[in-house]
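Taken in sequence, the protein lines are chains R and S. The first sequence: position 129 = 391 (this note's numbering), numbered continuously. The second sequence: position 177 = 182 (this note's numbering), numbered continuously.
Examples of chain R residues toward chain S, derived with CB under 7 angstroms: (1) V293; (2) Y294; (3) E352; (4) I378; (5) I379; (6) K380; (7) D382; (8) E383; (9) E384; (10) Y385; (11) R386; (12) T387; (13) P388.
Think of the hints as simulated: they come from the structure by calculation, not from any bench. Since the model is a prediction, treat every value here as computed from it, not as a measurement. Ideal placement from N, C-alpha and C gives every residue a C-beta, glycine not left out.
Each chain, written out:
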Amino acid sequence: MKYRAIVIPVVGVIAVLTGFLLFGNLNQNLVYYLTPTEAVDQRADTNPGQRFRLGGLVEDGSVIRTDNEVRFTLTDSGAAVPVVYAGIPEQLFAPGVGAIVEGAWNGNAFYADTMIIKHDEEYRTPEPDTASAAREVSP
Amino acid sequence: MTIRSHGLARQVLPSAALIVMATGLVSALLAPPDRLQGNLQKLMYVHVPAAWLAYAAFLVTLVGSVGWLWRRKQAYDRLAAAAAEVGVFFTGLTLVLGSIWGKPVWGVWWTWDARLVSTALLFFIYIGYLALRRAVPERTDRARRSAVFGILAIAMVPIVHFSVLWWRTLHQPPTVLRPGDPTIDHTMLLVLGINLLGFTLMGLWLLMRRIDMAVDEEALEDATVAQDRELAGAAIEPPHLKGASNSV
Chain R
263 MKYRAIVIPV
273 VGVIAVLTGF
283 LLFGNLNQNL
293 VYYLTPTEAV
303 DQRADTNPGQ
313 RFRLGGLVED
323 GSVIRTDNEV
333 RFTLTDSGAA
343 VPVVYAGIPE
353 QLFAPGVGAI
363 VEGAWNGNAF
373 YADTMIIKHD
383 EEYRTPEPDT
393 ASAAREVSP
Chain S
6 MTIRSHGLAR
16 QVLPSAALIV
26 MATGLVSALL
36 APPDRLQGNL
46 QKLMYVHVPA
56 AWLAYAAFLV
66 TLVGSVGWLW
76 RRKQAYDRLA
86 AAAAEVGVFF
96 TGLTLVLGSI
106 WGKPVWGVWW
116 TWDARLVSTA
126 LLFFIYIGYL
136 ALRRAVPERT
146 DRARRSAVFG
156 ILAIAMVPIV
166 HFSVLWWRTL
176 HQPPTVLRPG
186 DPTIDHTMLL
196 VLGINLLGFT
206 LMGLWLLMRR
216 IDMAVDEEAL
226 EDATVAQDRE
236 LAGAAIEPPH
246 LKGASNSV
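Please model the entire structure based on the sequences and the hints provided.
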C-alpha cells in the first residue's frame, strides 16, 4: 500500500528518537552541568585540563573579590568546590544564588572563565527587612 | 465552521483582547519587582503567555488534525493550519523574549540546555508542518498528510514542557504548572493571569481571522484555478546539452 512509504520512515524516526531519549544519555552529553558532589566523585576519571561545567550554590561568606578574579565556593548538599573565576561576575552574582561555571580542575580548585547564573523558580517581592537593611548600608 | 458562525464573538473578541492586553501591560508595569531580578523579572509577563499560547495553539492543531481524519470536513483542516501558524509565531516570540530575558539574568543569549534546544526543535518542526502544507497542492492530500503530521508533532509539546524536569537544565523548573502552591508572589501571579488571558484572547482573534482568510483563499482558488491545472514546474524542460544547434 502507498501508506507503507510513509509509515515505515515515521516509525523509524520515532524509534530512533525514543532510543536516543532513553539511552542517549549514557555518555552524559545531556547533562548540562555537574554538581559539586559529582565533580568531586568523578575527579579521578577526568583528564588534567578537561573542561566541564560545574553548577551549584554560591556559599554564603565565601566570595572574595580581587582585581581580576573572584574566588568563591560552589556547594550542594554533599560537597563544596573552591572556584577561581577569572573575569567580572554576572549582574546577579551574589552569595546564595545558583551559578554554573565552565573550566577545569587546577590543583584543588576549579578554574573557570565563563559564568552563567541559574535562578530558581521562585518569584517573591523584596522582603521588608532586607530592603531596610540595604537602605542602612548604603548611605 | 463553528468559529466563523459566532457573530457575537467576532464583534467582541478584538476589543476584549485589546482591553485585557492593555490592562495586562499596565499591571505588569505596576507589579512589584522580584527580590533577586528586580524589574527584569517583568519579562515573565510576556514570555510565559507567549509560551502558553504556543502550546495551546499546537493543541488546537491536534484537535483540527484529529477532527479532519475523523469527519473529513475542510473546516477542521483550516482550523489546524491557522492554529499552527499562530503557534509558530508565538514559539518564535517565546524564543526571542526568553533570549532577551536570559542575557541580563543568566548572562547568555543562548545556551545548549534541554529546554532551549527542545523549544527550538518545536519551532522548526511546526515550520516543517507549514512547509508540508505548501508542498502539497491537492486539498484532500494536503489535509490528510498535514493531519498525520499535526498529530505526531504534538509529542514535542510535553517534551518541551517536561524538559526542565527530565534533564538537568539551566532553565528553571515550572513555577505555576506544578503540584502544590505556585512559587510566586500572589500579586505577580494575578498579573501573570491577566496577561495569560490577554494573550489567549489575542490568539483566539488571530486564529479566527486566519480561518476567515483561509476560507477566502479557498474560494478564490476555486473561482480562478482550473481543477486540472499543471503542477508548478511542470512546464520546465531539461536543457539540451548537445551542440549549439538548439540555441535560438
